[in-house]
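Keeping the supplied structure of chain A fixed, place chain B upon it in accordance with the hints.
Residue numbers (the working numbering), protein chains in the order written: chain A, 1 to 372; chain B, 1 to 320.
Rather than coming from a laboratory, the hints here were simulated on the basis of the structure. Be careful, since some hints might not be right.
As the list claims (entries may be wrong) - Below 16 Å or equal to it, Euclidean Cα-Cα: the simulated EDC-like pairs (lysine to aspartate or glutamate) are:
#	chain 1	residue 1	chain 2	residue 2
1	A	23	A	125
2	A	266	B	135
3	B	183	B	106
4	A	203	A	308
5	B	146	B	106
6	B	103	B	135
7	A	281	B	124
8	B	120	A	282
9	B	183	B	35
10	B	131	B	99
11	B	131	A	282
12	B	145	B	181
What the hints assert, rightly or not - Negatives, chain A to chain B, calculated, CB over 10 Å:
#	residue
13	83
14	274
15	363
This structure is a prediction, so every number in the text was calculated from the model and none was measured. Where is the CB? At the ideal position from N, CA and C, for every residue including glycine.
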Amino acid sequence: MSQSMTLVTNEPFAARRAAPAGKHVLLGRAMLAFATVAFLAVLALQSLDAMGVTALGFESWRPLLYVYLIWAAVFGVSQVMIRGEAGERAAFILPAVLFTVAMVIFPTIFGLYIAFTDWNLSAVEGRRFNGLDNLRTLLADAYFWNALLNMVYYVLAVLIQYAIAFGLALLLNAEIKARKFFRVAFLLPLMLSPVAVSWMIGKSLMEYRFGPAATLARYLGWDNPAFFSTPWLARLSIMAMDAWVSIPFMMVLLLAGLQALPAEIKEAARVDGATGWQSFKEITFPLMLPVSMTALILRIIFELKLADIVINVTAGGPGGATDTVSSFIFREYRDRSNVGYGTMLAEVYLVIIIVFVALILKWASRWMQRTN
Amino acid sequence: MVVAGCDNYRLLLEGRSNVVRSATHGEEFALASMDIVNVGKAYGSLTVIHGVSVEIPDGEFVVLVGPSGCGKSTLLRMVAGLEPITFGDIRIDGQVVNDLPPKDRDIAMVFQSYALYPHKTVAENMGFALKMRGEPKADIDERVKKAAEILDLVPYLSRYPRQLSGGQRQRVAMGRAIVRDPKVFLFDEPLSNLDAKLRVQMRAEIKELQRRLATTMIYVTHDQVEAMTMADRIVVLRDGRVEQIGSPLELYDKPANTFVAGFIGSPSMNLLKGLIRTSGAPFSRPTTVSGCRLFAHRKAPTADPRSTASGRSISHLAAK
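Okay, chain A solo, but in the shape it has when bound (with noise of 0.2 Å):
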C-alpha cells in the first residue's frame, strides 16, 4: 500500500499569525490623536503655568497625572483598534512599559536635570540651572574620591564574607545536630535592621568606657580598645557589622545552592575516591559556581550602597577613613542641604554602578552558565 504525504498547513492558525489589522481603524486612530492632544494641551499650560509665562493653569500638577492615565487607557485600547491582534499582544506588555516610564525612566531624567542645577534646600532662592559645575565639583572633590576609593575596600571585604558565608553554608548542610536549630539562629542578624545593630553594637558593645567588647579587650590586655580610633581599625569594625549582617544572606543562597545540588553525584565521588577536600574542590565548588556568582553579585550591589551602619557609627571618620559614597551622598543631602549637587553625586555614582555591575555580569557570564 503506497502512502502519500500531504502538506497540513493550519490556515486559521497562519492568518492569525498575519495579524489582520483592526477593524476600527480610523475611529481608534481619532481616539489617540485626541488623547494625546489633550495630554499635551494640559502639560503645556502647567509648564507655561509654572514658569509663570500666563496665568492659566491648574493649582497643582496633579491633573497631568490624571490625563497621562486616561492618555495609557486610550492608547492601549486605540493599539488594539488600530493593529488588531499584534495590539492584543502589545497590551499585554502596555502597563508595565508606561507604568516605567511613568515611575523609573521618568525620576531618573528628572534627576539627571536636578543635578544640572544649583538647589539648596536652606538657600532663600529656588533651583536655579548652573551647567557643568556640579560635575566640575565632583572631579575636584576629594571627599568623593576618598570615598570612592573605601568602596574598593568594602567590595574586596565581600570576597571574606562570600568565603564565611560558604563554609556556614557547608556546616548547615551537613549532618549536625540541632540543623534546624542553627539555620534559624544564623539567619537572625539578617533579620535586625541595620540602624539597630549598629546601636546595638557599633554604638554600645563596642563603646570605648563601658562597652562589653571594650571591656573584654582590656581584659585581654588590649590598653586602648578605640574600634573607631584608627582608620584601618575604624574600617575594620565597620567591615566586620556590615558582614555579621549580611554573611547570612549569602549564607542563605548558598545554603540553597547546596541542597540543590544532586545527592547521587556526590556519592559517585565518594565512590570514585574523592577525599573530603577533593570532593569540594572538584564537585562542589565548580557545580555552585552559577549560585556563587549570583550571591556575589546581588552582595556586590547592596554592598555598593551601604550607608546605614556608617552614618550611624563613624559619620564616615575618622578623617573620611570609613566614608562611603552613599553616607557622603546622605550627609551633602542631610547635612548641607545640597541637592543640586547630592543629586550629582547619586546619578554619577548610579552610573558607575552600572557600569562596575555590567563588566562583572559579562566577566562572570562564563561561570553563570547553567551545566546541565
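Same frame as chain A, but now just chain B:
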C-alpha cells in the same frame, strides 16, 4: 548505536593481563569474591533489612531483584559503603570492609541517574577516579581511551554530559566504572532511565561486558525480565528478607514460595488454590477448589495437608 565488538573488549583485557591469561589458559588467580553475612539495616527502631546473607563467588553476576521498597538498593549502598551497616559483615576477598570508606573498598558503582559530573567532559568524568588516586596523566589518558574504545565513546570524549543522549550518558557511567578496574561492579537500576529498545540492547551489552571482564557484578533492578536475562544468580528480596537465591531457571522452575512464583516470569504464574490429598500413591494429587485434579510434577509436601497453592505458568499448563 553500535554494539561494541569483541576486538574492543580484548583491547581492555590486554590491560588486565591476569584476566586474559586465566580466560585463555585457565590459570588460577584471585579476583574478588564477596560475602554478605547476615547484614541488616535499621533506622532507629525500624529495621528495613533483616539479616541478608549472600555468598558471591568471584566473577559471578548477581542480580538483586524485588518490588520497590524491599531494601535492594539499600543493600547495594551498604556494599558500596555509602550507607552504614547496622549489623552483620560484608567481606570482599575475605576482608571485612564494614568500616572502610567507599574509596578503600575497590568497588565501582553505576547510578540510576548516572551521576555524571556535569562540569567535566566525558574524558574527565571517566578519568576522575584515577586522578583522585594520583595516577600520572599519561596513564589516565591511555586507560580512558581504551575504555572509550570499548564503549564506542571515542568521538564524545571532549563533550560534556549535557551534550549526550541518555544512552551515551549511560555508557559514560559504565566507562567511569570500567576505567578503574575495580574488584566489584555495582549497578543500581542503571537501565531504568532508558527507552525500552535501548534497554534491551544495553542489557545484552552489560552481560557481554561482564563475560569479558569476568569481574564480580552486583546488579539491582525491580525488573524481573532484566534479572532473568542477565543474572548468573538471582537474589529475590521482599521487605528486607531474602525470599530465594538461585539461578534464573531454578527460580522459574522451583520457586520457594508463592511470592517468588508470582514475581518471576512473564506473564506471571497463575496460582490455583487447592488441596493435597494423601491417598498413599507415590505422588499426591493436588485438587483445585473446583475439584479439578492435577498431576504434581514432584512430590508435594504431605506433612501439611491444608489448602495450598499450586503454580504452573500458563504456558506449561497448556503444554501438558
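### Query
Are residue 203/A and residue 308/A close enough, with their CA atoms no more than 16 Å apart?
holds, 13 Å
### Message
Is the claim that residue 363/A lies outside the interface with chain B correct, judged by CB distances over 10 Å?
### Response
holds, 18 Å
### Message
Please verify whether residue 281/A and residue 124/B have alpha carbons no more than 16 Å apart.
### Response
Given that 16 Å is the threshold and the Cα spacing comes to 14 Å, the pair holds.
### Message
Against the 16 Å threshold, does the CA-CA distance of residue 266/A and residue 135/B hold or violate the hint?
### Response
violated, 21 Å
### Task
With a cut-off of 16 Å on the C-alpha distance, tell me whether residue 145/B and residue 181/B pass.
With a Cα-Cα distance of about 14 Å, the restraint between residue 145/B and residue 181/B holds, given a limit of 16 Å.
### Query
residue 23/A and residue 125/A: Cα distance at most 16 Å?
violated, 56 Å
### Query
Holds or violated: are the alpha carbons of residue 103/B and residue 135/B at most 16 Å from each other?
holds, 15 Å
### Task
For the pair supplied as a hint, residue 183/B and residue 35/B, confirm whether the alpha-carbon distance does not exceed 16 Å.
holds, 13 Å
#### Entry: Straight-line alpha-carbon gap residue 183/B to residue 106/B, limit 16 Å
Judged against 16 Å, a Cα distance of about 6 Å means the pair holds.
### Holds or violated: residue 120/B to residue 282/A, with C-alpha atoms at most 16 Å apart
holds, 9 Å
### Task
Test the statement that residue 274/A is away from the interface with chain B: the closest C-beta pair must be farther apart than 10 Å.
violated, 5 Å
### Task
Report holds if the minimum CB distance from residue 83/A to chain B is greater than 10 Å, and violated otherwise.
Non-interface label stands for residue 83/A: nearest chain B Cβ at 41 Å, farther than 10 Å.
Hint check: violations occur at hints 1, 2, 5, 10, 14; the rest are consistent with the structure.
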